[in-house]
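Asks: These are the residues of each chain, in order.
Number of protein chains: 4
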Amino acid sequence: MSSNFGQKIKISIFGQSHGPAIGVVIDGLPAGELIDMDELSAFLARRAPGQSSLTTARRESDLPKFLSGILNGRTCGAPLSAIIENNDTRSSDYSKLQDIPRPAHADFPASVKYNRYNDVRGGGHFSARLTAPMCIAGGILKQMLKCRGVSIGAHIFSIADVCDTPFDPVTVSENDFLNTASKPLAVLNDDAGSAMSSAILSAAHDGDSVGGIIECGVVGLPVGIGEPMFDGLENRIAQSVFAVPAVKGIEFGAGFNSSKLRGSENNDPFCISDGIVRTLTNNHGGILGGLSSGMPLIFRAAFKPTPSIAKSQQSVNLNTGTEETLIIAGRHDPCVVPRAVPCIEAAAAIALADFLI
Amino acid sequence: MSSNFGQKIKISIFGQSHGPAIGVVIDGLPAGELIDMDELSAFLARRAPGQSSLTTARRESDLPKFLSGILNGRTCGAPLSAIIENNDTRSSDYSKLQDIPRPAHADFPASVKYNRYNDVRGGGHFSARLTAPMCIAGGILKQMLKCRGVSIGAHIFSIADVCDTPFDPVTVSENDFLNTASKPLAVLNDDAGSAMSSAILSAAHDGDSVGGIIECGVVGLPVGIGEPMFDGLENRIAQSVFAVPAVKGIEFGAGFNSSKLRGSENNDPFCISDGIVRTLTNNHGGILGGLSSGMPLIFRAAFKPTPSIAKSQQSVNLNTGTEETLIIAGRHDPCVVPRAVPCIEAAAAIALADFLI
Amino acid sequence: MSSNFGQKIKISIFGQSHGPAIGVVIDGLPAGELIDMDELSAFLARRAPGQSSLTTARRESDLPKFLSGILNGRTCGAPLSAIIENNDTRSSDYSKLQDIPRPAHADFPASVKYNRYNDVRGGGHFSARLTAPMCIAGGILKQMLKCRGVSIGAHIFSIADVCDTPFDPVTVSENDFLNTASKPLAVLNDDAGSAMSSAILSAAHDGDSVGGIIECGVVGLPVGIGEPMFDGLENRIAQSVFAVPAVKGIEFGAGFNSSKLRGSENNDPFCISDGIVRTLTNNHGGILGGLSSGMPLIFRAAFKPTPSIAKSQQSVNLNTGTEETLIIAGRHDPCVVPRAVPCIEAAAAIALADFLI
Amino acid sequence: MSSNFGQKIKISIFGQSHGPAIGVVIDGLPAGELIDMDELSAFLARRAPGQSSLTTARRESDLPKFLSGILNGRTCGAPLSAIIENNDTRSSDYSKLQDIPRPAHADFPASVKYNRYNDVRGGGHFSARLTAPMCIAGGILKQMLKCRGVSIGAHIFSIADVCDTPFDPVTVSENDFLNTASKPLAVLNDDAGSAMSSAILSAAHDGDSVGGIIECGVVGLPVGIGEPMFDGLENRIAQSVFAVPAVKGIEFGAGFNSSKLRGSENNDPFCISDGIVRTLTNNHGGILGGLSSGMPLIFRAAFKPTPSIAKSQQSVNLNTGTEETLIIAGRHDPCVVPRAVPCIEAAAAIALADFLI
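Protein chains in written order, with the numbering used here: chain A, 1 to 357; chain B, 1 to 357; chain C, 1 to 357; chain D, 1 to 357.
Be a bit skeptical, because a hint or two may be false.
Note that the list lumps identical chains together, so a pair holds whenever it fits in one copy or between two copies.
What the hints assert, rightly or not - Okay, derived cross-link-like pairs now, EDC-like style, lysine to aspartate or glutamate, Cα gap no bigger than 20 Å in a straight line:
id, residue 1, residue 2
1, 311, 33
2, 260, 323
3, 96, 85
4, 146, 174
5, 260, 208
6, 183, 38
7, 65, 265
8, 65, 168
9, 260, 191
10, 260, 206
11, 65, 85
12, 311, 265
13, 183, 206
14, 96, 168
15, 183, 39
16, 146, 323
17, 146, 176
18, 311, 174
19, 311, 323
20, 65, 274
21, 311, 168
22, 311, 190
If you're looking for bench data, these hints aren't it; they were derived computationally from the structure.
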């Protein structure tokens with residue numbers, strides 16, 4: 001087990017940040033599905049670095065090269081594979097990390113797990129760069145879900161203590177998703193967006209970083225998708241979403257807040273609307289008993305602040321067993337949240353496609 | 001896919017609330033492991049109903065009957081199976097639910113998913129009663145993990161707006177676990193426990209219910225357990241924990257709160273303590289890059305209030321397509337959290353055993 | 001991994017020959033499927049011992065008790081589970097086997113694998129008795145496949161050196177299956193059946209045993225079932241069929257004989273028949289590239305002679321490390337093939353259901 | 001499900017014969033394992049075409065390019081991936097096959113399965129060319145197994161009606177494997193090899209093809225490897241071996257021949273040799289109850305003759321629904337067996353590595 005996901009649509013992600021290439025294999029796709037390469041490129045561009053002053057100065061073209069599974073623009077039933085060749089890497093930045101693990105990174109446990117044979121350059125296989133192949137898979141699956149009437153969109157719910165307007169859990173629609181996806185910072189409320197930018201730039205100025213929360217919505221799901229117990233929508237989306245680096249929490253619908261409500265407040269009354277069974281409110285976030293209820297699926301993922309900061313930090317030298325002060329060089333996002341928005345959409349698409357395609 | 005979990009230790013849970021029996025098969029256990037049946041019974045008793053005025057008046061003996069996999073008190077290498085026969089059921093309580101789904105329950109999506117052929121009595125396969133076989137598996141695996149130096153324990157972090165003292169994420173130990181497990185209400189602070197009882201009884205008095213949060217700790221994990229991306233500890237524990245009914249959120253370490261911190265606050269500095277690499281703080285909750293760091297693993301699961309309340313609620317009649325007022329009869333816990341504490345421990349044990357045993 | 005099979009229809013088999021019960025869990029069945037219990041009983045009766053002078057004198061009622069997954073005679077979407085309680089066991093017959101492994105049985109490698117903690121009574125989990133729950137699963141799935149137009153049937157192709165008339169690979173039909181299933185010895189040619197009986201009785205008279213070959217046919221498969229490479233029909237049927245004890249070989253279509261043919265002889269020419277693409281001959285056994293071709297699927301499984309014979313044999317004492325002469329007491333079939341016919345059908349049903357249901 | 005194999009060592013194979021590249025991802029390899037690239041190249045060369053007059057005139061360099069998972073010659077714990085770029089392809093040879101399926105190939109069922117969207121050029125994903133990435137995986141795993149004391153080797157057991165000397169199932173050793181691997185035609189008896197060459201050339205001269213049987217041995221397996229029922233060594237090796245195109249049968253030990261023996265002939269008596277439990281004969285082929293017995297593991301795989309022959313054949317036009325005469329152009333091996341020898345070794349390595357590494 002490890003960088004694999006899915007039972008019907010099987011995804012296998014490979015690569016290290018500074019290796020020759022990163023990539024993905026997607027097995028189980030139906031044949032004859034059109035893939036809109038422009039739409040995929042636009043999706044990947046939302047994750048790509050170097051877009052603005054808020055993100056790392058690294059520039060990665062990140063254009064996927066398809067090796068199999070596509071013929072004349074359509075899936076051909078064979079496993080689809082795509083790679084991104086790594087070009088703009090500065091491995092010398094990481095030479096010291098072989099011995100001195102960066103706080104809040106995978107360096108230390110990975111060095112123990114792999115007996116120091118792991119590739120530490122850029123975090124190796126644990127790098128957030130691996131979200132690029134994840135987004136290739138997610139972007140393709142998102143298109144296929146859309147053909148089946150299911151739309152996925154996310155926005156920045158908060159950065160530091162600045163909050164965007166939440167999705168309305170009852171009325172959220174694909175228009176909201178198109179709206180936020182078109183902006184440099186994926187927010188509903190542009191004033192909140194400006195305040196978030198300030199918070200990020202302020203942290204960057206201090207050689208520091210900030211975290212945030214991404215909220216994701218899914219509309220158009222048929223009723224009854226998901227399986228009981230271990231393969232409910234919550235289980236599988238959570239498993240997929242925690243693959244995005246820096247995620248430390250996930251909640252569905254009212255989530256943690258529902259723990260403070262009474263049943264009479266939290267229960268969503270059923271109603272009939274245009275002959276369809278719906279609920280008047282949506283504290284359940286579109287999932288009951290692990291199954292889709294037909295209401296919008298809503299979840300939020302909490303991101304910790306970027307671990308790599310310019311400030312000096314205390315670490316240890318694994319060779320000498322002594323404590324050392326570490327200063328991390330290199331180019332890092334002061335906040336991973338803006339670029340992680342499509343990653344969360346991709347994670348949701350990967351989890352849902354396994355049920356729906 | 002559905003009521004299965006695990007790749008090395010495979011668990012398959014079956015049964016409906018009011019069917020002949022519920023049970024579990026555990027495949028992949030090593031042979032020769034002693035199972036302490038008294039300890040298992042004590043563990044299951046913590047989940048059993050009818051313990052106090054806080055829980056449902058239903059009485060279930062819930063004694064597991066082992067059908068295979070054990071010989072002379074030890075595992076024999078063959079799949080272990082155990083069942084609990086259902087005795088104290090009042091199915092007439094549920095006759096009306098065939099047509100009128102209970103708000104916040106799986107009834108509605110299940111009736112669509114299974115074309116109305118699902119067993120609605122007591123929630124059928126979606127019943128919280130299915131946590132009994134989950135606790136059989138979890139209780140056995142918890143013992144095996146303990147033999148390997150890994151201890152798991154949970155407490156009620158909050159009920160409604162009453163909070164217990166949190167686990168200290170740096171110093172939490174097995175003693176804390178033994179302490180809370182021995183109490184009728186699993187709390188560190190007995191005053192908080194009393195206030196929680198009051199909150200539950202007050203809700204019950206109002207024909208209502210309350211939710212809460214359970215915090216779980218794991219100590220003794222070796223460094224480097226877990227796999228990258230989709231099979232990290234967070235991914236797999238989350239997948240397992242969402243199998244416990246009513247869970248709507250999960251967070252690890254500082255979790256959602258870390259989204260508000262700066263990197264310099266959230267990053268846990270490494271130090272050397274008795275020759276061992278540790279961190280001075282534990283905002284990462286013992287998991288870095290999906291891998292165990294050697295620090296205590298800490299997570300919290302948010303529970304919504306019990307969906308079944310005595311108050312009248314609005315629902316719909318699936319046959320007539322009209323809105324109807326529903327009054328739920330039957331016996332229900334005004335708060336699922338107290339009895340869910342061992343379920344969360346079981347879910348953690350199931351997820352960790354798949355990596356460790 | 002071990003006593004589990006399937007990705008969509010997941011089967012988990014448990015139990016030891018002399019434990020409290022043996023059973024099966026089937027997860028992933030669609031809801032609302034009628035199960036014909038009489039037909040299932042008739043199917044299980046074909047495997048049951050004590051039918052004639054050709055099989056063991058043990059009598060097992062082998063009536064399955066359903067614990068979950070069925071409501072009012074139909075599947076309800078929850079995992080289906082069934083057990084058979086073990087009654088007629090004479091464990092004292094096996095006391096000596098703890099130390100002295102029976103030749104051609106799993107005793108020796110199992111004792112090493114499980115560090116002597118395995119249940120040796122009656123072969124424990126390795127007993128052919130475990131084909132009973134396999135037949136419960138297979139019998140149910142066979143019914144569901146039949147509802148989808150797919151029929152499965154098998155006959156005794158040979159016992160010792162006596163051969164039945166083979167299935168005609170082009171014209172074999174469900175009538176052939178009904179014909180052989182109705183007989184005490186599942187053969188097309190009753191003269192061959194008589195000669196087989198003589199061969200078995202002759203071996204029994206000598207305190208010896210004989211092997212044989214079972215041929216299985218599947219008609220009604222849609223074209224294109226199966227997946228490339230590791231999950232082709234041959235791969236998956238082989239994986240399932242080798243779960244039947246004593247099987248040592250499998251071949252599809254012309255099988256081993258095709259290795260002696262030239263391409264111009266072995267290739268089956270395509271033709272059009274009633275607007276349907278078919279082949280004039282069927283050396284490919286209905287499978288091309290792992291996928292069903294629409295022609296009857298034909299395979300043969302080779303069974304070794306029953307390992308348990310009355311003659312004295314050379315073995316070793318695992319405690320003392322010395323060679324010893326072993327005489328096996330107990331009641332054993334002089335040939336497993338007659339009772340294994342429904343087991344092979346069950347194995348085929350289990351493999352195909354995972355693709356088709 | 002499809003081009004994936006393994007539970008601990010997960011292999012995902014991708015690519016089409018005439019697509020940009022073919023490749024493999026291997027997930028779950030331990031870190032720090034040295035990979036001998038020269039040995040791997042030598043192994044791959046045994047499968048490569050263009051070696052002699054017996055194989056296709058196509059020349060493929062087939063040098064794998066490693067994209068991830070290797071650092072300084074050792075595995076680094078991250079998924080290992082490798083690709084082979086396709087250069088020497090003549091797709092025009094296949095233009096007609098879009099409509100007229102080749103007898104005994106996957107063309108027809110694949111065109112139905114994938115709604116005519118499949119890549120027919122060179123058989124697409126069903127091409128025997130996909131054994132190249134399979135051999136990359138198998139070659140690497142074979143090296144890792146050898147480090148653990150397990151050696152795998154195969155030879156041509158027969159071609160048409162010419163038979164090589166079989167492996168001695170009791171005394172076969174790594175020397176036999178080294179011996180056959182070093183020859184252009186992997187046989188023990190060079191006279192048999194010459195006769196095989198003649199049989200192949202004679203078929204080629206006639207515009208025809210021949211089949212054959214490959215026998216594979218594994219020595220050094222510890223006792224007790226394998227799992228009961230569906231995941232025994234026979235089950236898993238069979239699942240893996242049928243991934244090699246043209247395989248139509250597999251047998252272990254005495255295999256089909258054991259069906260004609262009596263128990264007293266087929267049972268292998270246990271003995272003690274140098275303090276080790278062994279058997280005097282090895283009709284069981286090193287596997288009892290699905291578990292390794294410590295004796296050499298022996299199996300044979302039957303290959304049908306190459307489907308592509310120069311002779312004219314009857315097929316159908318899928319567009320017009322009429323029968324047509326097909327003449328296959330292109331370059332094809334008159335017998336796939338010589339080049340398939342390392343493929344069978346690779347299939348065995350892939351199956352065994354999942355248990356042993």
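Asks: Measure nothing new, just compare the shortest in-copy and cross-copy C-alpha distances for residue 311 and residue 190 to 20 Å and report within, between, both or neither.
Replies: Intra 30 Å, inter 42 Å, cutoff 20 Å: neither.
Asks: Checking an output row: residue 65 and residue 85, CA cutoff 20 Å. Within, between, both or neither?
Replies: both (8 Å within a copy, 13 Å between copies)
Asks: At most 20 Å between C-alpha atoms: does residue 65 with residue 168 qualify within a copy, between copies, both, or neither?
Replies: Neither. Shortest intra-copy (38 Å) and inter-copy (49 Å) distances fail the 20 Å Cα cut-off.
Asks: Have a look at residue 96 and residue 168 and pick one of within, between, both or neither, based on CA distance no larger than 20 Å.
Replies: Result: close neither inside a copy nor across copies, 48 Å intra and 33 Å inter.
Asks: Given a CA cutoff of 20 Å, do residue 96 and residue 85 count as a within-copy pair, a between-copy pair, both, or neither?
Replies: neither (25 Å within a copy, 36 Å between copies)
Asks: With identical chains, the pair residue 311 and residue 168 could be close in the same copy or across copies; at 20 Å between alpha carbons, which is it: within, between, both, or neither?
Replies: neither (39 Å within a copy, 27 Å between copies)
Asks: Check residue 311 against residue 33 for me: Cα-Cα at most 20 Å, and say if that holds within a copy, between copies, both or neither.
Replies: Result: close neither inside a copy nor across copies, 49 Å intra and 37 Å inter.
Asks: Which holds for residue 65 with residue 274 at a C-alpha limit of 20 Å: within a copy, between copies, both or neither?
Replies: neither (46 Å within a copy, 45 Å between copies)
Asks: Quick one: residue 260 to residue 206, C-alpha cut-off 20 Å, is that within a copy, between copies, both, or neither?
Replies: between (37 Å within a copy, 16 Å between copies)
Asks: At most 20 Å between C-alpha atoms: does residue 146 with residue 323 qualify within a copy, between copies, both, or neither?
Replies: neither (52 Å within a copy, 32 Å between copies)
Asks: Measure nothing new, just compare the shortest in-copy and cross-copy C-alpha distances for residue 183 and residue 38 to 20 Å and report within, between, both or neither.
Replies: Result: close within a single copy only, 17 Å intra versus 52 Å inter.
Asks: First find the shortest C-alpha distance between residue 311 and residue 265 inside one copy, then the shortest across copies, and answer within, between, both or neither for a cut-off of 20 Å.
Replies: between (46 Å within a copy, 11 Å between copies)
Hint violations for this structure: numbers 1, 2, 3, 7, 8, 13, 14, 16, 18, 20, 21 and 22, all remaining hints satisfied.
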